[in-house]
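Peer 1: So you can see what is in the structure, the chains are spelled out below.
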Amino acid sequence: MSSQLSRQDYALEGSTRPLAALYSRNARAVIARGLLATRSSNGLVLVSGFFEPVLYLLSMGIGLGALVGDVEGPNGQPISYAAYIAPALLAVSAMNGAVYDSTWNVFFKMNFAKLYQGMLYTSLGPLDVAIGEIFLALLRGALYAAGFTTVMALMGLLTTPVALLMVPVSVIIAFGFASFGMGITSFMKTFQQMEWVNFVLLPMFLFSATFYPLSVYPQGIQWFIQALPLWHGVELLRQISVASFSPATLVHLGYFLLMIAVGMLLTTLRLRKLFLK
Amino acid sequence: MPLSDPPVISAHRLSKHYGDFHAVDGISFDVPAGESFGLLGPNGAGKSTTMRMIGGVSQRTSGELTIMGLDPEEHGPEVRAHLGVVPQQDNLDEELRVRDNLLVYGRYFGLPMSYLRPKADELLEFAQLTEKSGAKVDALSGGMKRRLTIARSLINEPKILLLDEPTTGLDPQARHVLWDRLFRLKESGVTLILTTHYMDEAEQLCDRLVVVDKGRIMAEGSPAQLIRDHSTREVLELRFGSERNTTVAAELQGIGERLEPLPDRVLIYARDGEEALEQVISRGLKPVTSLVRRSSLEDVFLRLTGRSLID
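Residue numbers (the working numbering), protein chains in the order written: chain A, 1 to 277; chain B, 1 to 311.
It cannot be assumed that every hint is accurate.
To be verified - With a straight-line Cα cutoff of 30 Å, these simulated DSSO-like cross-link-like pairs (lysine-lysine) come out: (1) A:K189 x A:K273; (2) A:K114 x B:K136; (3) A:K109 x B:K119; (4) B:K286 x A:K273; (5) B:K186 x B:K119; (6) A:K109 x B:K136; (7) A:K109 x A:K189; (8) B:K132 x B:K145; (9) A:K273 x B:K186; (10) B:K145 x A:K189; (11) A:K109 x B:K145; (12) B:K286 x A:K114; (13) B:K286 x A:K109.
Don't read these hints as lab results, they were simulated from the structure.
For clarity, every value in this text was computed on a predicted model and none was experimentally measured.
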């Protein structure tokens with residue numbers, strides 16, 4: 001309270017760095033805030049996000065699996081039904097977590113908790129906030145993926161160490177969904193519109209070759225499913241789980257790299273609409 | 001103002017439209033360094049929108065705006081590094097504890113923890129919240145939350161402090177404490193930009209102010225100057241009982257410079273209130289009560305922005 005300001009203190013030099021109006025290279029402050037807030041309040045949310053795919057795996061994999069028996073895996077070898085759906089459930093969990101964090105969570109903090117309003121009155125730009133929030137979502141996703149992969153190992157569903165790659169790859173899948181989700185949230189104004197997000201996610205979860213192979217569909221529907229991101233995530237993780245790679249692996253991975261690039265571009269272009277009005 | 005001494009805030013024909021609604025409609029003003037500048041106006045006059053444009057979190061529709069020589073839309077993070085903001089509604093981080101609110105907010109400015117730890121303690125002291133340092137935010141009273149918001153706005157030692165209705169909802173003690181703190185900041189050279197609809201607050205804190213209504217500037221000057229320009233030196237308040245006030249008004253014509261009948265009283269604006277009262281009595285009128293007082297900013301405000309209720 002003691003500083004004596006002189007009038008010269010009131011002249012600023014403008015930065016000419018690209019994106020200077022939107023980004024102050026301080027996303028780590030947003031991340032630090034998120035970690036501190038999680039530590040002090042959100043423990044239960046973390047736990048519930050971990051259990052959801054595990055419960056699916058137990059009920060469908062073990063329960064339904066007892067009826068189904070072994071199925072044909074990605075490399076043509078028979079594998080247990082639980083081993084067949086486990087990587088798919090991991091992809092679904094990566095998608096759900098990332099989409100939840102980048103849509104509902106952002107929408108709530110924006111419009112109700114007014115958290116971003118406070119952040120954006122500091123040196124932070126909207127891109128710092130977006131990067132920080134996406135990073136937090138991915139960190140959470142990585143924890144869930146590691147937990148789920150551990151459960152798979154305990155259930156004896158892992159046959160190769162290559163399967164551990166599912167953890168980093170599911171973070172890439174989550175990144176694709178999170179970057180896109182945040183861009184889409186910038187178009188949302190009401191809770192009713194936010195419900196559309198669930199309306200898209202649920203059928204994608206059920207029909208993206210999650211519980212049975214794509215070949216059950218007629219050709220036209222197969223093409224449609226193959227255009228959607230979750231199918232690529234399911235196939236990618238399923239291939240990794242048994243270390244069976246093909247040129248299609250690169251296509252699946254490329255799909256997500258492209259999705260991340262387009263999603264981040266969309267989010268950056270929509271930042272003013274998302275955070276500044 | 002000499003050329004070597006540019007204004008820290010300069011707005012020229014600044015406008016913000018939401019569709020057909022002109023929230024801010026071509027306002028111009030300059031604020032020199034160290035001044036305490038007030039935006040006065042009824043609800044919906046465009047004060048908060050103006051504040052948001054200064055902070056670079058709302059994009060203007062047209063006009064020019066520079067803060068310390070920079071456009072806040074082009075250089076938001078740099079401009080805001082020197083800004084402290086107290087929004088109209090407290091937006092404290094409810095998920096963090098009291099002291100963490102200050103530390104985390106300081107980190108948003110990229111400030112190091114070695115600076116922030118002692119600074120946070122100093123500000124908790126300043127806001128009289130030292131004992132609440134480990135409390136949850138939602139356990140604080142309204143006045144405490146307000147003080148914490150103000151403490152938070154000072155974490156980066158801002159050169160310009162934006163205060164959007166800083167004392168709304170506070171009790172008189174809390175308001176006086178706050179005024180004292182703001183006055184000290186002003187003395188240390190901080191430029192204060194303040195919106196308020198409390199006239200006593202404006203008279204206490206503002207060197208200069210603009211009265212805003214419907215997005216336009218209605219008047220500009222120091223509190224004393226505004227009173228001089230838009231009101232008389234004194235006001236005579238007469239009460240004849242609520243039925244008679246309006247009928248009596250006709251018989252009071254010609255006394256003072258201006259007459260305003262209200263449902264509960266009649267106001268006579270005059271240079272000399274006692275003399276006006278003598279004239280009233282000499283016309284044989286007997287008010288139930290009479291009061292001579294100095295003209296206040298409130299008289300100016302109500303004259304310029306009207307008495308009808310604005311929502």
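Peer 1: Against this structure, judge whether each hint is valid.
Peer 2: Hint-by-hint comparison with the structure:
1. Distance hint between A:K189 and A:K273 is fulfilled; the C-alpha atoms sit about 11 Å from each other, no more than 30 Å.
2. For the given pair, A:K114 sits about 17 Å from B:K136 by alpha-carbon distance, which is consistent with the 30 Å threshold.
3. Distance check on the hinted pair: A:K109 and B:K119 sit about 27 Å apart at the alpha-carbon level, within 30 Å; holds.
4. Taking the CA atoms of B:K286 and A:K273, the gap is near 63 Å; set against the 30 Å cutoff, the hint is violated.
5. About 19 Å separates the Cα atoms of B:K186 and B:K119, which keeps this hinted pair within 30 Å; it holds.
6. Between A:K109 and B:K136, the direct Cα distance comes to roughly 18 Å. Compliance with the 30 Å bound is thereby established for this hinted pair.
7. Of the supplied pair hints, the one linking A:K109 and A:K189 holds, its CA atoms being roughly 13 Å apart against a limit of 30 Å.
8. A distance of roughly 11 Å separates the Cα atoms of B:K132 and B:K145; the hinted pair therefore holds under the 30 Å criterion.
9. Distance check on the hinted pair: A:K273 and B:K186 sit about 35 Å apart at the alpha-carbon level, beyond 30 Å; violated.
10. As the CA atoms of B:K145 and A:K189 are separated by approximately 29 Å, the hinted pair is consistent with the 30 Å bound.
11. Restraint check for A:K109 and B:K145: satisfied, since their Cα atoms lie roughly 19 Å apart, inside the 30 Å limit.
12. Restraint check for B:K286 and A:K114: not satisfied, since their Cα atoms lie roughly 57 Å apart, outside the 30 Å limit.
13. Between the alpha carbons of B:K286 and A:K109 the distance comes to roughly 62 Å, so the proposed pair goes past 30 Å and is violated.
Going down the numbered hints, you'll see the structure goes against 4, 9, 12 and 13, while the others check out.
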